[in-house]
Amino acid sequence: MREIRLSGSEGGGAKPIASPYPYPGSVPTIFVAANVNLHRARPWHRFDFSHNLDNDRAISRQVIMERTKNTIQVNCIVNDEAKTFDAHPMARLLDVLREQLQLTGTKEGCGEGECGACSVLLDRQIVNSCLVPIGQINGAQITTIEGVASGDQLHAVQQAFIDCGGAQCGICTPGMVLAAVDLLERNPNPTETDIRNGLAGNLCRCTGYMKIFESVVRACKTK
Amino acid sequence: MRGYIPDYQLTTTSSLAETLSLLAKESGVWKPFAGGTDLMVLLEAGKLLHRNYVNIWHLDELRLIEIEPQHITVGALTTYTDVQANEILRDEFPMLCQAASETGGLAIQNRGTLGGNIVNASPAADSPPALLAYDAEIELSSSQGSRWLSYQGFHMGYKQMNMREDELLTRIRLPRTAQPLKHYYRKVGTRKAQAISKVCFAAVARTDGKRIDELRIALGSIAPVPLRCIRTEDRLGGQEIDQALIALGKEALAREIAPIDDIRSTKNYRLRISQNLLADFLENIAAA
Numbered sequence: 001m002r003e004i005r006l007s008g009s010e011g012g013g014a015k016p017i018a019s020p021y022p023y024p025g026s027v028p029t030i031f032v033a034a035n036v037n038l039h040r041a042r043p044w045h046r047f048d049f050s051h052n053l054d055n056d057r058a059i060s061r062q063v064i065m066e067r068t069k070n071t072i073q074v075n076c077i078v079n080d081e082a083k084t085f086d087a088h089p090m091a092r093l094l095d096v097l098r099e100q101l102q103l104t105g106t107k108e109g110c111g112e113g114e115c116g117a118c119s120v121l122l123d124r125q126i127v128n129s130c131l132v133p134i135g136q137i138n139g140a141q142i143t144t145i146e147g148v149a150s151g152d153q154l155h156a157v158q159q160a161f162i163d164c165g166g167a168q169c170g171i172c173t174p175g176m177v178l179a180a181v182d183l184l185e186r187n188p189n190p191t192e193t194d195i196r197n198g199l200a201g202n203l204c205r206c207t208g209y210m211k212i213f214e215s216v217v218r219a220c221k222t223k
Numbered sequence: 001m002r003g004y005i006p007d008y009q010l011t012t013t014s015s016l017a018e019t020l021s022l023l024a025k026e027s028g029v030w031k032p033f034a035g036g037t038d039l040m041v042l043l044e045a046g047k048l049l050h051r052n053y054v055n056i057w058h059l060d061e062l063r064l065i066e067i068e069p070q071h072i073t074v075g076a077l078t079t080y081t082d083v084q085a086n087e088i089l090r091d092e093f094p095m096l097c098q099a100a101s102e103t104g105g106l107a108i109q110n111r112g113t114l115g116g117n118i119v120n121a122s123p124a125a126d127s128p129p130a131l132l133a134y135d136a137e138i139e140l141s142s143s144q145g146s147r148w149l150s151y152q153g154f155h156m157g158y159k160q161m162n163m164r165e166d167e168l169l170t171r172i173r174l175p176r177t178a179q180p181l182k183h184y185y186r187k188v189g190t191r192k193a194q195a196i197s198k199v200c201f202a203a204v205a206r207t208d209g210k211r212i213d214e215l216r217i218a219l220g221s222i223a224p225v226p227l228r229c230i231r232t233e234d235r236l237g238g239q240e241i242d243q244a245l246i247a248l249g250k251e252a253l254a255r256e257i258a259p260i261d262d263i264r265s266t267k268n269y270r271l272r273i274s275q276n277l278l279a280d281f282l283e284n285i286a287a288a
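Protein sequences appear in the order of chains R and X.
Using my numbering, you'd call the opening residue of the first sequence number 1 and step up by one each time.
Using my numbering, you'd call the opening residue of the second sequence number 1 and step up by one each time.
Derived from the structure by calculation, the hints contain no laboratory data.
One or more hints might be untrue.
[To be verified] Label pairs and their in silico Cβ distance ranges:
(1) P175(X) / Q102(R): 45 to 55 Å
(2) T104(R) / K47(X): 26 to 36 Å
(3) I230(X) / T193(R): 29 to 39 Å
[Unchecked claim] Which residues of chain X face chain R? A few of them, derived with a C-beta cut under 8 Å, are:
(4) I5
(5) S15
(6) V41
(7) E44
(8) N52
(9) G104
(10) N110
(11) T190
(12) A193
For clarity, every value in this text was computed on a predicted model and none was experimentally measured.
The C-beta atom is built at its ideal place from N, Cα and C for all residues, glycine as well.
Looking at chain X on its own, in the form it has when it is part of the complex (with noise of 0.2 Å):
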């Protein structure tokens, strides 16, 4: 049933920076609300347990896509349609246009937000493997000032985030590169619109024909977290692909995933699919 309307509070603030010392004055009590695709689904099965919310969604200075040299910055409140609508990022960050094309339905991706997709911090959420293939990093904004940390190792355990209750996403920043990669980006679920994940698997990849010279695998739905696969990457850099080394990263990527048995799929599954893509994964590298 849904929650009670009147017990909880949606506030709007003027600005960021009223944002902001609002969070550090009540710290704890105002959690940050943007589109409402995640909250509002809670409220209406009566499981939204935090109560006090400060609307975000009209902070235009969070809505942004800036292009510079080095790196693309993309504003935390930029939502799914906005980031498959940029011509570079669908250019230079395919999979980040995937995952947003593949989330949800058009309504979804007009409300849903980038920002709202990673400190929501679901391990089944789409953006956060290529996120983290891509290497992107976040900036943390508080009233005391702002500190940029690498994504990856940012969720700390399910739900857990390395960031304090006075601090808001408000920007990504990706990494831009002279250096031709490959891209490779499965989302696997029930059907093809709407469903959320069994699994998500995003890859990157520089090769000279056969050796694997630069390789970020990440995958979502296999583990508490969006998993940045490190000792997968290990053990498959530097080499030349052939169908032993496939099996090497198979083993290696099953020691390092941890999937579960729930509602949408089973452990086993899971583990199959996520060795099945990572093979398809380098025997397309490999091809092509």
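Next comes chain R alone, as it looks inside the complex (with noise of 0.2 Å):
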């Protein structure tokens, strides 16, 4: 069988390796070059993405532990419904949101309170689902993007998003709309700097806000 080198092992050392080609001498020249070189220097390790499945197998694992380590019982209205369930106390409102009750509209940013993306309503109070931990909201009532609407019946704020094209990726939405349906059910007539104060703490890196901010003064009209 015929034996292939690797390169720059002329002279030494380096351990000849057999060519797995079953008819010898027909491998091009250029072939065998690219073939040596997979055994050194693995260039495209780049796109290597093995380790990052390793991590999402280690992140998996957590979120498994987190269910099932120390948990307590939590009971509290979603959405006007009554919910039982285990969670860690430290774990995030917005991860057992997601996760446990597989209410997918709320979306995590930045998760350190900045852009608002997982805005909720808190016994009536928006906050960042992301800042709360479980251990503080047993007896708590929820509302999340899905149950703003009644039934097929749209809130007035979700209607007039659709009206002022207020969504472009979607991201920010449900975010924005719960931080305008807040606003507007403590201020039902806002000012141009009440809409902006409302919505202050929720960031859009699509719409360049105008259109979010008509759609709230829209909403007011249609409301």
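With the hints as a guide, dock the two chains, each given alone in a separate frame, to form the complex.
Rendered as structure tokens:
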């Protein structure tokens, strides 16, 4: 069988390897060179995602552990429905809503209370669900984006967002809608400044805010 | 990466007394957890070093605003939203309400507490300069009783406070005064909402036209602690406001504060802005 030497191994040391090709002499030089390269530098390691797979496995192990270790039983009302579930008291309300209650309308943006994507109403006040630990919500009443419409009837704010093009990529939209619903509940006739202050905790990277602002103005009129 | 949740504990007690006895019994093991607007951010970043917390959010006796003839007492768990909603606070302590309205957005103001803003001990916090300028007092409670102390001097170094591990900050007291005061509060940040201060300036003064009869100045983000600028006050107190005095004040302030370069701003910018705000404040009270 034909032997191929690793490049640069002339005169020394490297172990010859057997060609995997069934027809000796038929392998083009360029192919051989590439093959040799494979055993050396693995230049495409940058495109190797296997380490990410390991990480994903670690995260899912963590999620499983979080769901089973030192959990407490929590009773609360989510979108007018009584819920009972077990969760770790330091688990984030955001994660429990999305992963345990399957209410994935609430989005995670920054995870540190800056962007408002995860806004929900907690006891009729707007909060960032990424900053609320489960240990503090026993007995609370929570409204997520899934609870804003009544049945098939959209809330005036939701309809206004559709009519005015207030949503683009959609990540900030659930939080924006809840912030607007909260604003209109406290103040049915907000001034321009009130609207800007009401939405100040919610970031949008698509719309430039004007269409969102117009949506809220329209919702005030149609409500 | 987020902290590993099962490593942490968040226990809920049934009353303030039970919380205090837990803090006393296992001193140093437990720390209070209120609105979570600072702690949960650290947890998410994997930087929450302390592991065991006692939940105090539900202790309603610490969430109150009591109006008395001599002072107003605010519970440590009073949120920024509660502070802004109180008419008497808005009237007599407008800088505190302004600080509350400029901290985070609404969602943060609904959860962040005045007590939390103090004991989180960030030098960049927005309400401490206002509290210092109003000469606030704070109550620390433990299972052995409670003590009132002046807020000024409470912060002893970066994140170092004059309190024991078994103590809980329970109330904040603001002295009322019949004399008309001029209030000046400015937060300088990258943008209007949500930003953390580059410089935060709070000052009150009583003047008879030109002469400064009474003056208290406090700044945030320019030292390892929220700083009451006593030496600058001494330099300015009892004098008539003119350009020479403003220059003296700027010089005294530069000697008293110790700004640094960090991710939010630079030492030079902070120094310049602090001096400009002092000048603006003095010109304002002279003009009024």
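Hint-by-hint comparison with the structure:
1. P175(X) / Q102(R): 45 to 55 Å: holds, 53 Å
2. T104(R) / K47(X): 26 to 36 Å: holds, 28 Å
3. I230(X) / T193(R): 29 to 39 Å: holds, 37 Å
4. I5: Given a least distance of 5 Å, the restraint on I5(X) holds.
5. S15: violated, 16 Å
6. V41: holds, 4 Å
7. E44: This interface hint holds because 5 Å falls under the 8 Å limit.
8. N52: violated, 10 Å
9. G104: holds, 7 Å
10. N110: This interface hint holds because 4 Å falls under the 8 Å limit.
11. T190: violated, 12 Å
12. A193: It holds, given that the least Cβ distance between A193(X) and chain R is near 3 Å, below 8 Å.
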